[in-house]
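Protein chains: 2
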Amino acid sequence: MNKLAVVLISGGMDSAVCAGIAVEQSYEIAALHLNYGQRTESRELKAFNDICDYYNVSKRLIVDVSFLAQIGGSSLTDKNIDVPEANLGSDEIPNSYVPFRNANILAIATSWAEVIKADALFIGAMEGDSSGYPDCRRVFFDAFEKTIDEGTKPETKIKIITPLINSTKAEIIKLGAEIKVPLHLSWSCYRESEIACGTCESCALRLRGFNAAGIEDEIPYKVKPEYKY
Amino acid sequence: MNKLAVVLISGGMDSAVCAGIAVEQSYEIAALHLNYGQRTESRELKAFNDICDYYNVSKRLIVDVSFLAQIGGSSLTDKNIDVPEANLGSDEIPNSYVPFRNANILAIATSWAEVIKADALFIGAMEGDSSGYPDCRRVFFDAFEKTIDEGTKPETKIKIITPLINSTKAEIIKLGAEIKVPLHLSWSCYRESEIACGTCESCALRLRGFNAAGIEDEIPYKVKPEYKY
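Protein sequence lines correspond, in order, to chains U and B.
Going by this note's numbering, the first sequence opens with residue 1, and the numbers climb by one from there.
Going by this note's numbering, the second sequence opens with residue 1001, and the numbers climb by one from there.
Next up, chain U with everything else stripped away, as it sits in the complex (with noise of 0.2 Å):
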C-alpha cells in the first residue's frame, strides 16, 4: 500500500517545497488549503490549485477557517492593522502572527488525516530563519505529535514531518529548484494578489533567499530592494 501524507499547502514557497519533498519520499499527497481569511486569499488558493494540478494531486481539501479573522489580533486578518514594512532584524514577534494558528491548522489536518487514514503530516515551518513565530518551533510540533497520540483512535499513527524547519529560505529555494518544483507558481506576498509588493515581511524574506540562493525568482514585483542577510 501507498503511503499517504496530508500535505499543508498555503500557496507559498516553502509549501510548494514541502509537496515537492513528500512526492520524493514517495507519498501519496492529499492536499489541505486553509482559508482564514487572509487579504490574499484568492491568489493563495490559485497557487495552491496550480502547485496541485502540478503534481496531478486528486485528494484536495479546502476549509474555511475564517474563524481567526472573526478571532482577530493579527494584521495577517484583522483589516483594522496595516500589514507592517519588513524589519527583518527584529527579534519581537510581529503583528501579523495569528495566535497559535498552527495548532488550529494541525488539529484540522489530524482530523482529515485520522478519517482517510494518512500516515503523515507535511508542513513547512522554519524555525531558525523565521519570523519568530512560537508555534513554528520543532519543541511545538514535537509536543503537538504527542497530543495526536494521545486524541486519536489508538491504531491511527500520525508523524508530523517539518522538512524545512532548520533550513534557510535560500537553501529551501536551491533544493526547489534542484527537485524541480514549481516555485513561480507559489505566491508570498501579504498585501497583494497581482504584482507582489517586494516589502511586506513576507517578500523580504523570499527576495532575501532568492537572493542568497543566486536565483532569479520569476514572480512580478512592484519593487524588488536587495535584502542581505
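Please note that the accuracy of each hint is not assured.
[As the list claims (entries may be wrong)] Going by beta-carbon spacing under 8 Å, a handful of chain B positions derived as facing chain U: (1) VAL1063; (2) LEU1068; (3) GLU1114; (4) PRO1134.
Don't read these hints as lab results, they were simulated from the structure.
Positions of the beta carbon are idealized from the N, C-alpha and C atoms, including for glycine.
With chain U's structure known, arrange chain B on it following the hints.
Just chain B now, kept in the frame of chain U:
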C-alpha cells in the same frame, strides 16, 4: 484584576455545570460555542444563550467549525451515518466520535484566550463515565497544555481546567443542583430539538445520571427508559 476563563459551552449539561464551577471559582467567563454542523445545532445554540443569560455572560463567541462535517467520519455530522441506539456497556469507540474534535475546539479556545488574555480554559470533559473518546482523557489535555506552552507567546500562560474529568454523570448532576446550575436550560439529545428522544447515547447517559442522582430531569422526553449502571 479579575481572573478570566474561556469556558466551552456546548449547551449540554456538563458544560453548564462547568460554567457554574468557573463562577464559583470567581472567574469571569468568556463563553465559547462551536457550531460543528451537528443535527441539533440550533437547539444547542439556544441552550448556550440561555445558560449565558443565566450567568450574565457578555463575552460570547460562536464559531462555525462546519469543516468537521466536511471532513466527516462521524454520525454527529455526517447525515449518511445513522445516530445509533445507546449501547452503554460497549468498549468500542462509538460512531458519534468526531476525529480529534476536542483538539480543534481547544485550538480555537486557545487562540481566543491568547487574544483576550484569559488565564484558563474550562472544558467539561469526562474520562471515567464517558463514551470512550480518546480526546476526553486527562492525558490528552495534559499533552495539549504542553502544546499551548510551546506554541504561544512566552508571556502567555493558559491552564486547561477539566473539573468534571473524574466525575460520573450522577455526581455532576448532584453538584449542579447544589451550586444552582440551570440544568433545565441545557440540551443533550443528539437526534431531536423539541422533545428529547430518550434513546440515543447522549440521552441515555443523561437519563442514567439523573436516575442515579435521584433527581428529576425537567426537560421533555418522547420515552424515558430507566437506564441503570
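Here's how the hints hold up against the structure:
Look at VAL1063(B): its Cβ gets to within about 4 Å of chain U, closer than 8 Å, so that hint holds up. Against a cut-off of 8 Å between C-beta atoms, the interface hint on LEU1068(B) holds, since the closest Cβ of chain U lies about 7 Å away. Look at GLU1114(B): its Cβ gets to within about 4 Å of chain U, closer than 8 Å, so that hint holds up. Interface restraint check: PRO1134(B) against chain U, minimum CB-CB distance 6 Å, threshold 8 Å, status holds.
Checked against the numbered hints given earlier, this structure breaks none of them.
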